[in-house]
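Colleague: Sequence:
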Amino acid sequence: MENGTGPYGKERPREVQETTVTEGAAKIAFPSANEVFYNPVQEFNRDLTCAVITEFARIQLGAKGIQIKVPGEKDTQKVVVDLSEQEEEKVELKESENRASGDQPRIAAVGEICEEGLHVLEGLAASGLRSIRFALEVPGLRSVVANDASARAVDLIRQNVQLNDVAHLVQPSQADARMLMYQHQRVSERFDVIDLDPYGSPAPFLDAAVQAVSEGGLLCVTCTDVAVLAGNNGETCYSKYGAMALKSRACHEMALRIVLHSLDLRANCYQRFVVPLLSISADFYVRVFVRVFTGQAKVKASASKQALVFQCVGCGTFHLQRLGKASGVPSGRVKFSAACGPPMTPECEHCGQRHQLGGPVWAEPIHDLDFVGRVLEAVSTNPGRFHTSERIRGVLSVITEELPDVPLYYTLDQLSSTIHCNTPSLLQLRNAVKTDAPASALWDIMRCWEKECPVKRERLSETSPAFRILSVEPRLQANFTIREDANPSSRQRGLKRFQANPEANWGPRPRARPGGKAADAAMEERRRLLQNKRKEPPEDAAQRAARLKTFPCKRFKEGTCQRGDQCCYSHSPPTPGVSADAAPDCPETSNQSPPGPGAAAGPGID
3 MENGTGPYGK ERPREVQETT VTEGAAKIAF PSANEVFYNP VQEFNRDLTC AVITEFARIQ
63 LGAKGIQIKV PGEKDTQKVV VDLSEQEEEK VELKESENRA SGDQPRIAAV GEICEEGLHV
123 LEGLAASGLR SIRFALEVPG LRSVVANDAS ARAVDLIRQN VQLNDVAHLV QPSQADARML
183 MYQHQRVSER FDVIDLDPYG SPAPFLDAAV QAVSEGGLLC VTCTDVAVLA GNNGETCYSK
243 YGAMALKSRA CHEMALRIVL HSLDLRANCY QRFVVPLLSI SADFYVRVFV RVFTGQAKVK
303 ASASKQALVF QCVGCGTFHL QRLGKASGVP SGRVKFSAAC GPPMTPECEH CGQRHQLGGP
363 VWAEPIHDLD FVGRVLEAVS TNPGRFHTSE RIRGVLSVIT EELPDVPLYY TLDQLSSTIH
423 CNTPSLLQLR NAVKTDAPAS ALWDIMRCWE KECPVKRERL SETSPAFRIL SVEPRLQANF
483 TIREDANPSS RQRGLKRFQA NPEANWGPRP RARPGGKAAD AAMEERRRLL QNKRKEPPED
543 AAQRAARLKT FPCKRFKEGT CQRGDQCCYS HSPPTPGVSA DAAPDCPETS NQSPPGPGAA
603 AGPGID
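3 is the number of the first residue of the sequence shown in the working numbering; add one for each residue after it.
Hints in this document: simulated from the structure, not taken from any laboratory.
As the structure is a prediction and not an experimental result, all values here were calculated from the model.
Backbone N, C-alpha and C fix where the C-beta goes; we use that ideal spot for every residue, glycine too.
Derived Cβ-Cβ restraints for the label pairs, each shown as a range: (1) Lys249 / Pro348: 17 to 27 Å; (2) Arg108 / Gln298: 32 to 42 Å; (3) Asn489 / Thr552: 47 to 57 Å.
Model the full structure from these sequences, guided by the hints.
Modeller: This is the structure we're talking about:
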């Protein structure tokens, strides 16, 4: 970053100071006082979006006979679909005829207008960084509309568009994103790509977005209200997305499935439906990429793609109940009907506890593995294109190793803690278990593991989930010998599979403030205190000594304390309302037991 300065190196007045940031091929300036315009943690989000839109453009323009040229890629034509030998011969013959007649294949390059290219909308553009990066890094674009409701933000977009010399591609727009999308509902005016990355929930924009995207177009949506989607406020989640979220170890996948359910539900109102291409949970947000199509017959199948989730409050076992049922009939047609259920008894068959009800959620695959493979290949063969290429490779590689058609999962620590046993190694049992096997088989495996690492049954309550699960003998014999293929490929290659925190005090930036006022010291202090707010702040030795002196010494009261003035507790008469039993451990004496009858005094009191 570079702080803006005035002529002759003099600092500009505080109200006009600017910060310049270079990311990817773009360079943007924004007021130094308002950090809402740029969040460096979101660079991964922007890099991944550029990669996804590039492959989407390759598919869309390839169908029109247009090749895209990406900087850094080898000059070899990528085939979008697999061809048979006869079709390959026909393609080669056609190419030779084109060369003989002097025809050259049409090429779409970055930074150039492609008349048959993609029409892109960034609904909430802020500084315009994402739109400018599209113009400079994604080939095959016809135009990019960088929209924001704030006049200050639109002025900044215009400034940055001129700074990057992309005025021929990027069109600044000041409007309410919803109204702008509602004005583009006509088929001829729809956008091929719509990117929504709001502060908080995108729920207010989804209805307009599913109407304004073209047939088979790409819709990219970010949600930063993960706390709501992950089950902290189920009623709020229902009001925004039409589904109840549950707290579980698989809460982030459930969050993705709730967003996909909400998108499909809104699209169904207009005889449209969504097809997920890629769905990820990263840092403090979830991000989904879906294509939107129109078709009344396909919309009828949407009910069978949604499911309710029944989750046991004791052992965490979950069951999915589809909302609808699609079955074939002899005539070859598909018959749709209501599903029958529920899939379990009122009390959990494993631990006897009750179930919580969540959802509906999207119960179909959340990725298109063919498309994910295309993006992964493009990023792997051109790693210098993005600053976060290594992270993109790691995330996409883990996705390709997942079972595509199995919703939600169990975690190894959850299974082990439920029955109070030691945790198997990651090579003996995967850290996260996605399986279409019944939950009874999974608990049988854990029962077999418990026999190798026995639990002290006498310490278990007879009503606890652990006691009830372990009181049943396993009906299968599990083999915990480590297999040769136990270590996943992404782990063997040392890819960044699970990400560390990107920076200190990271997270979504504060909401935009009117006038771009600078964050004062109180805001910075509040932000620091809320980071790890559930952990006690560190305490230095002087603070701890002063705090311990507020507790009376129990052994002094009994006449057995031999430390005198060196005792960390008070030898003064006890203060009313302060009990010696509540005193914490003394760092100097907690590991010592002085002789005498007072040696058996309460823990931590010397």
